[in-house]
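Student: First to last, the sequence lines map onto chains W and G.
Numbered by this note's numbering, the letters in the first sequence go through residues 1 to 113 in order.
Numbered by this note's numbering, the letters in the second sequence go through residues 1 to 110 in order.
Just so you know, these hints were derived from the structure itself, not from any lab.
Here the structure is a predicted model, which is why all the values come from computation and not from measurement.
Glycine included, C-beta positions come from ideal geometry on N, C-alpha and C.
A couple of the hints might just be wrong.
Derived CB-CB ranges, DEER-like [unchecked claim]:
{"no.": "1", "chain 1": "W", "residue 1": "93", "chain 2": "G", "residue 2": "7", "range": "30 to 40 Å"}
{"no.": "2", "chain 1": "G", "residue 1": "44", "chain 2": "W", "residue 2": "94", "range": "34 to 44 Å"}
{"no.": "3", "chain 1": "W", "residue 1": "112", "chain 2": "G", "residue 2": "51", "range": "30 to 40 Å"}
{"no.": "4", "chain 1": "W", "residue 1": "93", "chain 2": "G", "residue 2": "54", "range": "25 to 35 Å"}
{"no.": "5", "chain 1": "G", "residue 1": "44", "chain 2": "W", "residue 2": "38", "range": "12 to 22 Å"}
{"no.": "6", "chain 1": "G", "residue 1": "61", "chain 2": "W", "residue 2": "77", "range": "18 to 28 Å"}
Listed below, chain by chain, are the residues.
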Amino acid sequence: GQQVMQIPQYQHVQEGEDFTTYCNSSTTLSNIQWYKQRPGGHPVFLIQLVKSGEVKKQKRLTFQFGEAKKNSSLHITATQTTDVGTYFCAGIFGGTSYGKLTFGQGTILTVHP
Amino acid sequence: NAGVTQTPKFQVLKTGQSMTLQCAQDMNHEYMSWYRQDPGMGLRLIHYSVGAGITDQGEVPNGYNVSRSTTEDFPLRLLSAAPSQTSVYFCASTTGSEQYFGPGTRLTVT
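One chain only, chain G, in its complex shape (with noise of 0.2 Å):
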């Protein structure tokens, strides 16, 4: 098993640029989520998906969207990039107690 793979690794983009960081696990998992992290502010929770063709807001959803079209993928996108956008993604999965959790994707907005 892969666990969660996450890409791209890292990313740069300009301020309004769209693009779309990818998700997918290979556990069967039903619970899926993203997390952006930024110093002295822990992991804060973007969106996240009780299962294929549904989703819900996090804490920070303005300026993010997500799908799940299938139970293994969970694409996250920037409509519109910001500086403020600046930091680590991660996507974690799980079946209802420990989190999976991929690498990462280290995104900057200039």
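The shape of chain W in the complex, shown without the other chains (with noise of 0.2 Å):
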């Protein structure tokens, strides 16, 4: 089936350091979604990306689309302890559904102030 293979699973970093985490697909996607939980809460959007290439940013947050659009990356610049919590990215493969998106696994950020 389609999936969306996102690494690592966990990232123990010092606050003020960077943090990138990526996603891939043996697919090509229509678009690519990242969204933030907090522990206890439930994900909150934060980008979608949609043209080959695309690379968006938001403060601190660095959000990249592959040329081929079979991968993503979300990069964190000078960590903070607001930035702690699980970070996924979520794809949409090509004639599916707006309502139907493929979660990656989430990469676990813990920032140590």
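Two chains, each in its own frame: build the complex with the hints.
Tutor: In structure tokens:
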């Protein structure tokens, strides 16, 4: 079946260090979304990438979508304790409904002050 | 707007019992979905709907039923609960980009 693989599963950083999580799909994605889930909370939408090679920035967060639309990354510069949580990528494959997201396994980020 | 609401927040069932998890949204979104979240496995799609009267299966539909009689409501029914259905269940809605998630229902089946 269509899957989205996400690595690493866990990342521990010192406050101020950078953090990156990666997603890969074996087949071309129509678009990819990124979500953040705080401990005990629900996923919250961060961004959607649609175009091949797209790069978007939100303050310290940089999102990239690969040229082949099969991979994506989220990079956080100079992490803060407020960045703690699980980051998920979620892809929509071509020809499928907007209601049908395929999530990666998530990366759990811990930031030590 | 309340957004996406889910009830109950917590539920404990015995094996074999049935129950319905409620989900409602007040944003007039066409698309609604149910996911389950288990440690290390991300969120897996159970069922989804592209509009009132239209539903389809996701990745892990066995043991669950859904219906969508109105745009606002999308209940998830567990027919005969099993310990493997112990999980956190999230309902979500969207118009086609950002998915709005409810607060979740934590279900334990003993």
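Student: The structure should be examined with respect to each hint, and the outcome stated for every one.
Tutor: Outcome of the hint check:
Hint check: residue 93 (chain W) to residue 7 (chain G), Cβ distance near 32 Å, so the stated range 30 to 40 Å holds. Remark: the range hint 34 to 44 Å for residue 44 (chain G) to residue 94 (chain W) is contradicted by a beta-carbon distance near 20 Å. Under the hint 30 to 40 Å, the C-beta atoms of residue 112 (chain W) and residue 51 (chain G), about 47 Å apart, miss the expected range. For residue 93 (chain W) and residue 54 (chain G), the hinted distance range of 25 to 35 Å is not satisfied, since their beta carbons lie about 19 Å from each other.
Judged by the Cβ atoms, the range 12 to 22 Å given for residue 44 (chain G) and residue 38 (chain W) holds: they are separated by roughly 20 Å. Checked against the hint of 18 to 28 Å, the pair residue 61 (chain G) and residue 77 (chain W) fails, with Cβ atoms roughly 41 Å apart.
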